[in-house]
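> Input sequences plus hints: build the corresponding full structure.
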Amino acid sequence: MEIGHNVMHGQWDWMNDPEIHSSVWDWDTASTAVSWKHSHNYVHHTYTNIRGKDKDLGYEIMRVDPRQKWSPVYLAQPFYNVLLMAFFEWGVALHDLDLEALRRGEKSTKELVEDLKGIGVKARKQFVKDYVGWPLISAGAFALAQLASGGRVPESKRSRLASKLRGSARFGKNRRTAALMDSRLSGVESTFLSTVAANFTANIIRNVWSNAIIFCGHFPDQAYTFSQEEVENETRGGWYVRQLVGAANIDGGPLFHLMSGNLSYQVEHHLYPDMPSTRYSDVAPKIKDICERYELPYNTGPFFQQWGMVQRTIARLAFPGGKMRPKPGPYRPEESWRRKFAEGATKDSEAAKTRGRVPAGHPAAGPEHNSGGVDVQPPPRGDD
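Okay, so the sequence shown: first residue is 1 according to the numbering used here, each after it adds one.
Treat the hints with care, as some may be off.
Quick list of in silico lysine-lysine cross-link-like pairs, BS3-like style, CA-CA up to 27 Å [claimed, not checked]:
no., residue 1, residue 2
1, Lys107, Lys117
2, Lys69, Lys323
3, Lys53, Lys107
4, Lys69, Lys55
5, Lys327, Lys286
6, Lys327, Lys55
7, Lys110, Lys125
8, Lys110, Lys53
9, Lys69, Lys53
10, Lys110, Lys122
11, Lys117, Lys55
12, Lys117, Lys129
13, Lys55, Lys323
14, Lys327, Lys53
15, Lys288, Lys327
16, Lys55, Lys122
FRET-style restraints, in silico, Cβ to Cβ [unchecked claim]:
no., residue 1, residue 2, range
17, Ile204, Leu144, 28 to 34 Å
18, Lys69, Val208, 26 to 32 Å
19, Gly150, Asp274, 53 to 59 Å
If you're looking for bench data, these hints aren't it; they were derived computationally from the structure. C-beta atoms are modelled at their ideal positions from N, C-alpha and C, and glycine is treated no differently.
Below, the structure written as structure tokens:
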């Protein structure tokens, strides 16, 4: 996530390095770069948390807001939530196909076929790399080590292929072959299969981790969702406020933020999606000051708190009904009162210095100026 997701957002385009430019970069996941940029960079980041517009809001298969209409199909969402965790990259790839656009006539069958071909190419490359290429390399390395050591590397005494050969009806004719496989192939074979199992496990872990980080970015209780009517005449300032309150951060240290691709700074990412992710920690205090100054929430919490709220929401909203959870009030940093009353304190926050300079209704009081809104053009789907 630290590399693929952020590079394709254009965060490193300023370097003019063709190796990591968003226009040519692709990543080791099932989604094609073109489909993902359209569904994520354009649709999700433009229509963030707008019900019926943001396709990442429940990924069109789960009910994550009580104002979404309930259907019996949602009864199974706790089950396919677990499946989505384990195979998240494949779920995202299918989600990026945007079958709803096909149904509405906004996407042609030809485009769908091209998208499916792209996923097929990515799937083949990943399968060959993870389940053929690397296992063959590790098996070859074992064979060389065994040869160099004169057969002193520990290995199993029986080959699985030899065992199957012994069980065949023609075993009598293949006795010598089975014995040769036991003596020469058992270690190579077990190394190959162990590497296959390790790569499969690693892919599952990657899917579960990325699913957890991404779901914690928009589905905790703190995050707001919006109707299409609420954003009908949205100003540029209103767009930024929606990005702010529609996202949620995850508290953590530098290593945690690195492991999450800095998507634990989801608020900062949605305000500045093309800012290099390594700068999110630098701008976070300034955003908190703005939230304090204008009495806006700054959504954040520990990982297990955020993840737990997400799982509870998915489980509860599988059934009819459900009610809105309480939303956080204006941001008030815990240390602000300590700073205010600390003995010898001389430095106020930026919010404290700025608040009260102009009346609340003054045109310069905030970012909510009249504007033409945000005009964002979707990137081309392919060659068009």
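> Compare the distance between the alpha carbons of lysine 288 and lysine 327 with 27 Å, and conclude whether the hinted pair is satisfied.
Holds: lysine 288 and lysine 327 sit about 17 Å apart, inside 27 Å.
> Hinted pair, alpha-carbon criterion (27 Å max): lysine 69, lysine 323. Please report holds or violated.
With Cα atoms ~12 Å apart, lysine 69 and lysine 323 stay inside 27 Å; holds.
> Just to be careful, I want the Cα atoms of lysine 110 and lysine 122 compared with a cutoff of 27 Å; is the pair within it?
19 Å, holds
> What's the verdict on lysine 107 and lysine 117, does the C-alpha distance respect the 27 Å limit or exceed it?
At roughly 16 Å apart (the allowed maximum being 27 Å), lysine 117 and lysine 107 satisfy the hint.
> Does lysine 53 sit within 27 Å of lysine 69, going by the straight-line distance between their CA atoms?
14 Å, holds
> Can the restraint linking lysine 55 and lysine 122 be considered satisfied, given a maximum Cα separation of 27 Å?
23 Å, holds
> Take a quick look at whether lysine 55 and lysine 323 sit within 27 Å of each other, Cα to Cα.
22 Å, holds
> Given the hint that lysine 117 pairs with lysine 55, does the C-alpha gap stay at or below 27 Å?
22 Å, holds
> Assuming the hint says 26 to 32 Å, is it satisfied by the Cβ distance from lysine 69 to valine 208 or not?
With Cβ atoms ~29 Å apart, the hint holds.
> For the pair supplied as a hint, lysine 53 and lysine 107, is the alpha-carbon distance within the 27 Å limit?
16 Å, holds
> Holds or violated: lysine 110 and lysine 125, Cα atoms, limit 27 Å.
23 Å, holds
> Assess, step by step, whether the Cα of lysine 69 is no farther than 27 Å from the Cα of lysine 55, and give holds or violated.
With a Cα-Cα distance of about 15 Å, the restraint between lysine 69 and lysine 55 holds, given a limit of 27 Å.
When each numbered hint is compared with the structure, no violation occurs for any of them.
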